[in-house]
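Visitor: Sequence:
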Amino acid sequence: MNTIFNHTSLNLSCPMLRLRKHPTDDFSESLDRLMSTNWCQCANCVGMGLIRECRCCQEIPEMESLTVSTGVGCITDHPGFRSVCLDHYVLETCYHWYNQQYGRAIQDANE
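Numbering follows full-length UniProt numbering, in which position 95 of the sequence shown is assigned residue number 95; successive positions increment by one, without gaps.
These are computed hints drawn from the structure, not numbers from a lab. Cβ coordinates follow ideal geometry from the N, Cα and C atoms, glycine included. Treat each hint with caution, since some may be false.
Unchecked claim - Simulated restraints on C-beta separations:
id, residue 1, residue 2, range
1, T70, V90, 11 to 21 Å
2, P61, N38, 33 to 43 Å
3, R82, G47, 19 to 29 Å
4, Y102, P61, 29 to 39 Å
5, Q101, S36, 35 to 45 Å
6, S36, Q100, 39 to 49 Å
7, P61, D32, 20 to 30 Å
8, G71, M35, 13 to 23 Å
9, R104, V84, 19 to 29 Å
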C-alpha cells in the first residue's frame, strides 16, 4: 500500500507532526519565498513548488522549542525526526488514526 501522507492539516499531540498556517497573508512576500530561500533560518530549507511548502522549521514555535531543547539548528537534525516523521509505517499509522478521529472531510477540503 503506497499511501501519500497529507501532513498539512494535522493537529496531533506530537509537536513534530503539528503544522500551522503561516501567519503572513501578504501574497507578494509569499511569492518571494518561491524564488529564493532567504527566509530560511536553519540553513537546511530548499525551494519548493508551492508557497505553503516554503516554511522554515524555525518559523513554527513548537519546532523552534524542540531544536533549542536538543541543541540542533534544524528539526531534521532532531534525534526523533527520522523515526517519527520519515518512517513509512509510523506515517501510515498516523494517517489511519487521523482519518478515524476526524474523518476524511478535512483532508478532502485541503486537496
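Visitor: If a hint holds in the structure, say so; if it doesn't, say that too.
Guide: Here's how the hints hold up against the structure:
no.	hint	in the structure
1	T70 / V90: 11 to 21 Å	holds (19 Å)
2	P61 / N38: 33 to 43 Å	violated (21 Å)
3	R82 / G47: 19 to 29 Å	holds (23 Å)
4	Y102 / P61: 29 to 39 Å	violated (23 Å)
5	Q101 / S36: 35 to 45 Å	holds (38 Å)
6	S36 / Q100: 39 to 49 Å	holds (40 Å)
7	P61 / D32: 20 to 30 Å	holds (22 Å)
8	G71 / M35: 13 to 23 Å	violated (32 Å)
9	R104 / V84: 19 to 29 Å	holds (23 Å)
Hint compliance for this structure: hints 2, 4, 8 are broken, all remaining hints hold.
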